[in-house]
Amino acid sequence: MHKYILRRLLMLMPVMLGVSFIVFTMMHITPGDPARIMLGESAPLEEVEKFREELGLNDPFLIQYGRFVKNLVIHQDMGRSYTSKRPVIEEILIRFPTTLKLATLGIVVAVLLGIPAGIISATRQYSIFDNTSMVAALLGVSMPNFWQGLMLILLFSVKLGWLPSSGFSSWKEMILPALTLGTSSAAIITRMTRSSMLEVIRQDYIRTARAKGQVESVVVNRHALKNALIPIVTVIGLQFGYLLGGAVLTESIFSISGVGRLMVESISARNFPVVQGGVLFIALTFSIVNLLVDILYAFLDPRIKSQYK
Amino acid sequence: MSQTKTLIDKQAVSINKKRRSQWLEVWRRLKKNKASMVGLFIISLLVFAAIFADFIAPEGFDDQDLYRRFIPPGSNHFLGTDHLGRDIFSRIIYGSRISLQVGFIAVGIAAVTGGTLGAIAGYYGGKLDNTIMRLMDILLAIPSILLAISIVAALGPGLVNVMIAVGIASIPSYARIVRASVLTIKDQEFIEAAKAIGANDFRIITKHILPNAMAPIIVQATLGVANAILSAAGLSFIGLGIQPPNPEWGAMLSAGRHYIRDYWHIATFPGLAIMLTIFSLNLFGDGLRDALDPRLKD
Amino acid sequence: MIKNESLLKIKDLTIHYVTEDGRVRAVEDMSITIGKGETLGLVGETGAGKTTTALGIMQLVPNPPGKIISGEIIFEGENLIGKSPAELRKIRGNKISMIFQDPMTSLNPVMTVGDQIAEVIKLHQKVSGGEAVIKAQEMLDTVGIPMERYKEYPHQFSGGMRQRVVIAIALACNPKLLIADEPTTALDVTIQAQVLNLMKKLKEEYETSMIMITHDLGIVAEICDKVAIMYAGNVVEYTDAESLFLSPKHPYTIGLFNSIPNIEEDVEALEPIKGLMPDPTNLPNGCSFHPRCPRATAACSERQPKSIEVAEGHFVFCLLYEHQLQLGGILDDQKID
Amino acid sequence: SNQTADAPTDSKPLIVAQRSDAVVLDPHANNDQASSRVMRQIYENLVNQNEKMELLPGLAESWEQLDELTYKFKLKQGVKFHNGEELTASDVAFTIKRALDSSHVAHIVEAINPNGIEVVDPYTIRIATTEPFAPLLAHLAHTATGILNEKAVTEAGDDYSQTPVGTGPYKLLNWVVGETVELVKFEEYHDEAKMPKIEKIIFKAISEDGNRTIELETGGIDIAYDIIGPDVDRITNAPDLNMVRDMNLSTTYVGFNVGKEPFDDIRVRQAINYVADMDLIVDAVYLGTGEPSKGPLGPNVWASNRNLQPYGHDVEKAKELMKEAGLENGFKTTIWTNQNQQRIDIAEILQNQLKQINIDAEVSVMEWGAYLTGTAAGEHDMFILGWVTVTGDPDYGLYPLFHSSTHGDGGNRTFYTNEQVNELLDLARVNADPAVREASYKEVQEIVRDEAPWIFTWTGEELTGIRNNVKGFQNHPAGHHKLWTVYFE
Amino acid sequence: MTKRLIEAKNLKKYFKTKKGLLHAVDGVNFYINEGETLGLVGESGCGKSTTGRAVLRLLEATDGEIIFEGENILEYNKQQMRQMTKKMQIVFQDPFASLNPRMSISQIIAEPLEINKVYKTKTEINRKVKELMETVGLAERLVNTYPHELDGGRRQRIGIARALALNPKFIVQDEPVSALDVSIQAQILNLMSQLQKEFHLTYLFISHDLSVVKHVSDRIAVMYLGKIMELSDYKSMFKTPLHPYTQALLSAIPIPQINVRRERIILEGDVPSPINPPEGCRFYGRCRYRQGICKEQTPELRDMGQERFVACHFAENFK
Ligand SMILES: Nc1ncnc2c1ncn2[C@@H]1O[C@H](COP(=O)(O)OP(=O)(O)OP(=O)(O)O)[C@@H](O)[C@H]1O
Ligand SMILES: Nc1ncnc2c1ncn2[C@@H]1O[C@H](COP(=O)(O)OP(=O)(O)OP(=O)(O)O)[C@@H](O)[C@H]1O
Ligand SMILES: [Mg+2]
Ligand SMILES: [Mg+2]
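Chains as they are written, first to last, in the numbering used here: chain A, 394 to 702; chain B, 150 to 447; chain C, 1233 to 1569; chain D, 11 to 499; chain E, 110 to 428.
Careful, some of the hints might be misleading.
Quick look at which bits of chain A chain B covers, simulated, 3 or more residues with Cβ under 8 angstroms [as the list claims (entries may be wrong)]:
hint, region
1, 411-420
2, 604-613
3, 625-638
4, 659-673
Simulated pairs of lysine-lysine, DSS-like, Cα-Cα distance not exceeding 27 angstroms [unchecked claim]:
hint, chain 1, residue 1, chain 2, residue 2
5, E, Lys306, B, Lys356
6, C, Lys1299, B, Lys181
7, E, Lys239, C, Lys1506
8, D, Lys481, D, Lys452
9, D, Lys365, D, Lys329
10, C, Lys1506, A, Lys619
11, C, Lys1383, A, Lys396
Calculated directly from the structure, the hints in this document are not laboratory data.
Cβ atoms here follow ideal geometry from the backbone N, Cα and C, with glycine treated the same way.
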């Protein structure tokens, strides 16, 4: 198991290198001069030129990439933000907890709504509860996040005045964003739980459990759920990764200063070091979450555990 | 020989079911699923609206009249007018063209590229598989919305570029799905049977593997269209979408959000349009999944 | 034939599955009796309704689509049909237990085998957790698996061992009736021999009655006291093992015997039953075997045969015998070919 | 308001919301509005500029112009920096030299000769420009020339942008990057008269425009900057809110690439000016905020020519001009804009109106980076941009935009070239006589109006929403509102 | 005069797995005469299918030779091998998995004809398809049905028709009846022997069901863990099995006759893993006659006379 984890962690390195190369290339083929954007349209040309020189943007692409990798590997340094002049890592670490909190809350909302709804739906297939929760789940995935956020603000902040429309520091401020972010994932988790449970409930060993005279609730919650959990956990992991990187829209609607928005702003500001650092960071987190999910599999399923050896 | 002949004649037992190909069978099962038929119906309406927008829409999508801005929904303008005095209903009708185009073409790009890569990786395995899948891992590790944003940033906004961006961002999921189903099909005996009668790789992939791998691809594609439409709308929302005055729903919503407190209809209807579209695609996709995989149904 | 006190009596049991494609008459008007300590073989080809009968006894027919239409299942004098779920749970796994066909899938892959045995013990016996574990270990030992493997998972076991675990679960509470649904079909011959041996031994030890579902007449010959041959939901012949093997009556039974390659003597060609199993949703009128029956007459397509007792305790459901009975009493054993 | 100055300061913090968080708090490290708005409270300049853009003494008690090139400033004594250091002339010299080295703000001080900075005594400094530069004082009032403490800067090194030390009435207390900047009253502030009345100010970043209004309404914030058109009436009409609105120094324009056919033809540009119904556009897009511009400079900029004759809406005339230019059948063109909803709206309406003279325009919304690069390279036909004359001096608002030496990246993205305009701009830049300058600038505005390298579009307004109990707030046209005058009622 | 059609010499097939080298087939020798059926029996996983596939080069053998009509086909290139597909065919075990569910019956049967360009026109192909369907006893009206509409017996007939399409000389039958019910199984078995006579076919008949193998085979090879334990004509094998494993196997079969009780040899434990098997006799662990030598020395398949071959050090004792 340890060996397996170590191997997976080692395998992350080429992936991260690939990610950084793709991002670097993307950024460099994107039209727009970072120096010019940073200094604004009113800055004179000499200043822009000087700034380009300072940033090392006049060097050939591969040299710049080489420098980036060298600094990263040797000094664990991702450079400084073009705008704020802060070290990139600091810039990201300031924002990351916010996004992490947001995504976690979103996932918590999603799991709390999704798994029970999915289980009940599956055990009472085609009942009214099943049908309503499936329609609700479908609506949940169908609603664009940004629109849902607007509507929630309109209702809870403007009409009712119960909850603030922006920020993410007090728990009151967290409710709407978490709800906005969580619902689509909740929907996906509900559907996954339902179909996975349906699949498992048909299995022979569930029949065996019933033939033992086991109570239905135990059959469902102990025998079925644990077996059904693997695809559900996969989805939760994927969703979590997705929420981490994809919270952009929610973040902008609720004026939350998270990594997502930092990325979008940095992409449009051509703040290369921050984009690189940020994407690498998100990709790393995403990959680690995936790894954690894979490790979790082993705890859920002894068959998988034996493969990891 | 004579004995076999009598055998045929004595095969008195009827053939159980009417003759039908598998696709007819799927269609029959699908028809029984009311929800997915509702979905299909709405999608058909949308496709119809998209094709015949010129006849259905009371006005052009860009017929501005600055003297009739912000008219609420009512008899003159079914869904009201927007901040530039354009008929929202007409714009939504024309908008279905863009959304469906983006949805289908982006998915087309993703499914063809991803599918091909996945099929090659799954069928040949080994180093090729490793290389392709690691590449997909890399793409997958970059959050798709950020990937799409940077692709649009690099290519510039516009319909085609949005389709490309959204398409590229979802390549890995198709590659994975196709690879997985190719892997399961590859080991089935009928593939070996094909080899035994001398079929080459190309024939095996195209005639034997892909047709059987279609089910998950089709389901993924239907749901993918929904996702692509959402992604495109999201891109538009942050200003990286289709060029105005083209009535992309996400862009309409984004433009309308400034006025949402006084003129709720401007941002609400495009949002509803997106929701309805995604909803029906999902209904249909779910139904299709069940129909293609009879195991899932009791 | 030993006339034992009956343990289970099935009367006119009818079970249908109502599906999109139509109504499957999986079990029709079935009546059988099992005495204490007796083993009944339930034989038939795919789709004959063997598993459905077993699930019917367990009251575990999946609903929907399955439904017990009519009939009685009298176990120890009480009708199981109509009992509350709680009462049934007390019986399942305790007084009646079942071994399913496929040992590969009938164990929960994420629970240790020991826990799966202990579970049934805890459910039906008033024992502490620790005692249940000890009992489960004993059961493992009984079926010939080292106790140390208590904490292992099903995937770490071979097929034969898994089936032993399933047997251990089934026998853990010393049931009165054991239903074994093709317990060895998925196993290799040498392993099958091990498992059958074990079952025979344990059955005698525990004095359990057993319903052995199989399509292998060899197994029937080896361990069954009574046999019911099923075809398309109907019992077509029901008798003790000896009369079945020595003088099979129903044309289907005879066809079945003629289809099996004989290991003892050489035959040039087999004499298979012609034709195929009928569509379960669209069974032929009259006797459902008549389209394949070499001795069918016009009447066979019109009338459903009733149970005829051709010899004492030997029941055949065939118009042929009804006819002969009307003509002049029971005929001597005769080979129909 | 003197009474309140003596009253104990309010312990309730003042919460101010703006679109984004400050990027840096080092005046030389960036030049963005959000940072400037915070830095205005932290740093002070030699020269102050009031809300009418008049120049007043700041850290310099007085100054005199010694010759065409040289000014002598007398510094106020006993001014303390937030770190306890006292302000001396060497800090000023250090600041200006550092600004000259900065790649972000050098252009504000570029006229100054690095060798012409001379510390006469601790409280006297002489500053000379390389060439005569009339707007120098206005530039020294720019936030980019806020005076820094040499010791603080050297000690902090690379991190100075997060640990600002100024002489202003507020100092940095806490900064949650991306969210809030907290300032606290500087107890040892040198100017009793300007002593802050509120203990603590919190700048909060709320990026969604509508949300700032919502937060203002619900009392989550006290002051909301940059209110958007649709919310102006709502705030004006709300009983517990006030709308503070003043014209600012910004202008939005639609530029032609005059280096390209057919926009090299003055008649085409004029025709488009005639056909574009700017009153209608401004009304529709900006919902009655700001006003349609008549020429390149807004009314708040000194020497703005208020006598310019607007083109007005005259389709017939436009058609006539097009015919004269031989283009009565129109042509195909594109309108570029960046992702600013108002500008996109302008482009869309304009596109529609251009159809009247058969011009088939395609709107192309571009990403900011690509947009700047493209317009600098002259790849565009028509484009929409804005300009803020932060210094309030017309030199800043005209030279970079119309002088032919600034083509492309320098700011003149229309590639407009007019020898006479060049000469006038050069002259006004060096001439010390305000009257001469004013006349030159007015003439430049005339010429530009006639030659129409732009469609003159909109002059913006500084729109600030405040809660009723907030008093003493005044908009500054440059947007860097002073908050030490603010108090709660 | 009997003629050898095909011969496997020291055939080996190893699979690389995560846990090590899996010796699926480990040095197998046999030959089949023209028109004859060789039965191959053994328990699940002993390497029967792998042998069958390696013989047809559906799997590349790790080592050994396959002599078909005097030539080692393992040395053939792709082109030559393609010619061989016309002579050697296979029928698979699972009638559900071995037919492409997306193809109709006629498409499935026509495919080998199309690939090998046997006929020029569509009509010729169609005629041949009809003929083949008749040969295997499929009604003509089934031409356009799909496999999923048919029962296992009919599907297996389709598989047989496909194998017959190219007029092969040799067919590997990989458990063709084990998925079928007894009554259908008997029909198919009859069909196969009839086809064998009609077309003078040679079969390698793989099965784990000894009674079936005995019924169809002229000679039988018993496999255990990748090796052949015993190879004899069916009569002698059933009368006097010479290998302890064969003995156990034969005794384990339940016989559908009452009052016929034989002594049953119950083997202990399970078949060991084929991954990196130790030296010595593969059956060592479960053999009741095992001796020291069995563990050290792998017994060769020895000729015991009368075309009987046994891989046991003590075979003579059982004669
Ligand atoms: N869940 C179900 N839904 C619908 N039909 C069913 C279901 N289960 C069984 N059947 C049908 O009922 C009939 C009897 O099935 P059953 O499983 O009892 O047969 P069996 O004798 O056990 O066959 P096998 O030897 O294949 O196990 C068959 O036609 C089968 O298709
Ligand atoms: N492609 C493969 N990769 C790895 N191992 C394989 C592969 N194919 C077969 N094996 C292994 O080789 C051994 C022999 O397999 P084979 O399929 O030949 O057995 P078999 O005798 O046909 O068994 P069955 O009766 O189950 O069909 C088994 O242990 C199997 O797991
Ligand atoms: Mg069954
Ligand atoms: Mg096999």
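Query raised in the report: So which of the earlier hints does this model not fit?
Result: 2, 5, 8, 10
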